[in-house]
Amino acid sequence: MEPVKMKKDEVDLRVTIGSLSLQNPVMTASGTFGYAREFEDFVDLRRLGAVVVKGISLKPRSGNPPPRIVETACGMLNAIGLENVGVDRFISDKMPYPSALGVPVIVNILGDSVEEYSRIAERLAGVEGVAAIEVNISCPNVKKGGVAFGTDPKMVAVVTAAVKQSCQVPVIVKLSPNVTDVTVVAKAVQDAGADAVSLINTLIGMAINLTSRRPRLANIIGGLSGPAIKPVALRMVYQVAQVVTIPIIGIGGITTAEDAMEFMLAGACAVQIGTANFVNPRAIEDVVDGIATYVREQQLGSVRDLIGALRVG
Amino acid sequence: MEPVKMKKDEVDLRVTIGSLSLQNPVMTASGTFGYAREFEDFVDLRRLGAVVVKGISLKPRSGNPPPRIVETACGMLNAIGLENVGVDRFISDKMPYPSALGVPVIVNILGDSVEEYSRIAERLAGVEGVAAIEVNISCPNVKKGGVAFGTDPKMVAVVTAAVKQSCQVPVIVKLSPNVTDVTVVAKAVQDAGADAVSLINTLIGMAINLTSRRPRLANIIGGLSGPAIKPVALRMVYQVAQVVTIPIIGIGGITTAEDAMEFMLAGACAVQIGTANFVNPRAIEDVVDGIATYVREQQLGSVRDLIGALRVG
Amino acid sequence: MSQFQKKVELVRSEVIARDVVRLTFNALEIATAALPGQFVMIQIGSGKDPLLRRPFSIHQTSSEGYLQILFKVVGRGTELLAQYRVGEQLSLLGPLGKGFVLGEPSKACLVGGGMGIAPMLFLASRFQQLTTQGVVPKVILGARNREELLPLIGDFEALGLEVLAATDDGSLGHHGLVTDVLKIINLGSDFTVFSCGPRPMMAAIHHLCLKEDIRCQVSVESAMACGMGACLGCAVPLKAGGYAHACSDGPVFEAGELLWSL
Amino acid sequence: MSQFQKKVELVRSEVIARDVVRLTFNALEIATAALPGQFVMIQIGSGKDPLLRRPFSIHQTSSEGYLQILFKVVGRGTELLAQYRVGEQLSLLGPLGKGFVLGEPSKACLVGGGMGIAPMLFLASRFQQLTTQGVVPKVILGARNREELLPLIGDFEALGLEVLAATDDGSLGHHGLVTDVLKIINLGSDFTVFSCGPRPMMAAIHHLCLKEDIRCQVSVESAMACGMGACLGCAVPLKAGGYAHACSDGPVFEAGELLWSL
Ligand SMILES: Cc1cc2nc3c(=O)[nH]c(=O)nc-3n(C[C@H](O)[C@H](O)[C@H](O)COP(=O)(O)OP(=O)(O)OC[C@H]3O[C@@H](n4cnc5c(N)ncnc54)[C@H](O)[C@@H]3O)c2cc1C
Ligand SMILES: Cc1cc2nc3c(=O)[nH]c(=O)nc-3n(C[C@H](O)[C@H](O)[C@H](O)COP(=O)(O)OP(=O)(O)OC[C@H]3O[C@@H](n4cnc5c(N)ncnc54)[C@H](O)[C@@H]3O)c2cc1C
Ligand SMILES: Cc1cc2nc3c(=O)[nH]c(=O)nc-3n(C[C@H](O)[C@H](O)[C@H](O)COP(=O)(O)O)c2cc1C
Ligand SMILES: Cc1cc2nc3c(=O)[nH]c(=O)nc-3n(C[C@H](O)[C@H](O)[C@H](O)COP(=O)(O)O)c2cc1C
Ligand code: FES
Ligand code: FES
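Protein chains in written order, with this note's numbering: chain A, 891 to 1203; chain B, 891 to 1203; chain C, 383 to 644; chain D, 383 to 644.
The shape of chain A in the complex, shown without the other chains (with noise of 0.2 Å):
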């Protein structure tokens, strides 16, 4: 891919994710921009960092059943269960509408095994607009793989190495806070060829239902996002920060620009913004604007000075 060239008189937002360059550092969260064609009637889809797309499997899923969603004190909980159309359908289908927008996608990929992570990497290595892969390993709705994948450094790095082996394109690993020491995770996972993190997933979470005795979800437990979780994102990042060298994508309760430039203080060089698009389908392109013009209103040579400038002691 092309350096991302900046036009005269505007403020550099341009970041870097390994071989990847963005137009600026602010990216759409898996699960929560769907396949961007859904956001074209209410935000410039040009203007977005990266499109980071649904999850996708090998085999399609159907997820859970309902009620898959409720809201909680500045949160909310999913339980969605990976409902997605399968890399096929994925390729044939809804690859071609973000792939031609003319910004880099990325595209988020769950297994129940490391062969099936392979070969999803290996069915996307060739597919026109696939700009970068992200390794979900951190999901908490599905039972098989997932929540040991995410939470053990020893399988996270064999996946990783897994999908590094299956294909060119920068792949981008994503850590769950459901972890005693996201460090330890974080660094097996740099040392196993990531050539960037993203973080956080959901918190694992669960609601209840006084009056019905039963459980929010009919999944019992879900994945909770949300501004709510912005603390613990932030320090997740912040630490990662601390022991790796590799790009950190920081992700969680992201609502403003200046929540995004506190997450790159923290150590990140480029954002992804989730929850937040359900309540303002515009977010990402207000977090852009607010970016910019704080850029050129501090007089910043770019946004890149952001980059984990956190003052500290």
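Derived from the structure by calculation, the hints contain no laboratory data. Cβ atoms here follow ideal geometry from the backbone N, Cα and C, with glycine treated the same way.
Partner residues aside, some chain B positions facing chain D, computed with beta carbon under 10 Å:
1. G953
2. N968
3. G971
4. P1117
5. R1172
Position chains B, C and D with the ligands against the provided structure of chain A, taking the given hints into account.
Just chains B, C and D with the ligands now, kept in the frame of chain A:
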């Protein structure tokens, strides 16, 4: 301690935590209610299920420099740094007031080493009015000890056994949520002889001031509490309830009677209320009233009918 | 398809019955693009709590660009929404979803129960515009009692439609269910029933229509986060297995496509 | 000590200057118990976001039970607070903290800067009530400009007090800092300075008083969660080492007890 007797016409809110009988299941959470006296103008202290006092160490601690607290979305971060007067002054100056209230006083303790935990427990063992000890192995704000203890099942077991040997009163071990699998720690604690577990302590989080480019807490990281964490707390209580037989005390983001009863459905015998006391210093009494109303209106035999009564499947 | 995210002004707020409120917004773009059965997602409050938008059927639109919703206060979001004052601005997203597939007005029977009456008024007025022969669609409306139902009936009558009423307590119209009325009026199999209401009501209507071989479209609810097909939260189990999504495949479905046992 | 948690009615809301608002509550118990230098914690909104109460100095009380606060809009909480309308109810907690230790009015000099002026009016009026010989306390008030300062001066003058003004831009009174004025008036060492304002201002006043051997009480701010000594969040570093707590040991301290380098 005598089993609490119920007055005629009263609804039955009594619960037991091992050998400890409570008039109702609603306690204060350590560190959020001072030594009870602070709240005397706002709440009828004799109506509390139990008072859990601020964490006590062997020697006095002056705590972290300010800022120590910052608000987050539906939550707050604190990095008090376990400021406390030390066990001796606690016994002489602080304990007399709560112990005269006629409700059980549970003393939360913390240390830098197994020996320290034992010695505090020994000091408290004979003290009039100490109804139980809650062992804080999970406070994220102390760099030595705290974190390591709380996340390592083996260390937690050692501390538990040591405290058990040092005193006759029931020992409650307070679990950290910052672990990959809370059930492993809970089982270790049960096997080591704990009379009950309480959970959750705070999640580790961070907040950044974009303007100053500094962490918002002098300690950089702090503990996240309040409604934001309730889904995580509820999930962990539910998970632990599937694997232990000792009583569980549910903590995390409880602000209303409904919240409290949801924790009981998930498997908690009692609950603790923390951050909510800051917003509504009458919170605990309001929760007790709310539970009583519910138990009466639903014509439950007793509040104990709620414990673990979640309908799954 | 044209969808909009717009800050719009609340121009009218009416308490229709106890806990039932009707709001009128000045929302030109959304009102103009809207079709009966579509809905809007409304952001309540400016903060992060409540976090998610709330979905409401479009109750009525006007050529001047007014858009109405009719809702019941059932929780915190609707409580806050009921407190908004005329002149305040709210963010609306819409029109969302697939609406009813209209047909011959004279062969249409609209059945609304409770707040399921909300989309029926919009549908009725669209049918009314399509009516050429003067043979208007049939309308059956049900609610708990007279107090709740009476204020709503007036709007249908203002359109020149006759309303068959059913109340749980018999305080207005038939004492019983809308399905009783549906049975009584004995539609031909060339009719289409358009229905929205509580799930048990729609299930009963579906079974009745199935037996009588009448086509039946239903508007269903499901917990929603995005309202636009992105989160996959609003799953609706299908008879053929798998799930449709209420917000993008619906909220209106052919009743026969859905799984009713759940 | 008597403290109260009360739902009280907002009876007046005044915009004093740009982003500066004064609210008057009907809060009998709290107003009656209040002492100058104490504060209240106000719950803003009914939801969980913003979660924590916000602390505000008591600006003025009346024997009828009215209580005023004066504040600047600096963030989301104060923004929401400024939008409350007369007749709405808010939950107040107070009076909290230890106030100023009063002394001989004729030997008192009150120095307020910016929103630090808020508690000074209450202090001045209490001094005024204690004044027997007609020798009133001195008052020095500072702000960025005339627009911000002028409306506040009137309240002090209404008490019969003369105000020495200082503004950053010289648009009213002395062009410069309140400490300049303090130097000029040259207090004797039998005076006590009572001060509230931005930290650099109070540090400068403290150092001046130290040099001139004048007793100095300052009211300090710190991030607070509970306002009542329970959370230990509001640590204020002490000269002697360790921390005091702004809410329960203060917010008023002897300036010499605090660590000013931090
Ligand atoms: C497409 C669609 C159209 C709708 N149209 C209307 C309408 O025209 N008029 C109307 O009154 N209501 C309508 N609803 C339902 C309305 O969205 C909910 O009543 C509202 O979201 C509740 O918000 P709350 O914050 O007040 O309640 P909450 O506090 O969120 O919940 C209170 C109760 O309402 C239930 N509830 C919450 N959200 C939903 C939901 N999305 N669907 C069903 N039940 C829910 C909860 O389970 C709970 O029992 C519609 C829902 C959908 C999906
Ligand atoms: C004892 C005491 C008395 C006070 N009296 C007054 C008063 O009379 N008038 C007045 O205008 N203000 C007063 N303050 C400050 C006032 O509490 C804060 O301005 C307010 O809490 C900010 O809330 P916010 O939600 O608008 O701002 P936030 O969005 O919470 O923060 C906005 C900015 O204000 C700063 N801030 C937040 N909380 C505080 C705090 N507690 N103290 C200092 N800075 C803070 C933040 O760091 C941030 O820069 C007092 C503070 C204390 C501790
Ligand atoms: C409805 C929903 C679906 C999601 N699906 C996926 C997914 O398929 N793959 C994945 O890696 N993460 C998925 N996530 C996690 C998000 O990408 C993101 O990591 C998380 O929501 C935290 O960010 P946020 O707080 O900005 O939403 C999903 C999140 C939500 C809310
Ligand atoms: C200011 C503050 C101080 C705390 N201090 C302690 C402590 O000393 N010991 C302890 O075990 N937990 C401490 N906690 C954790 C609480 O007891 C509780 O576990 C946590 O706040 C979650 O509950 P909540 O969401 O209801 O606040 C503290 C929490 C707060 C907010
Ligand atoms: S509500 Fe998000 S897909 Fe339907
Ligand atoms: S604000 Fe809680 S102790 Fe001072």
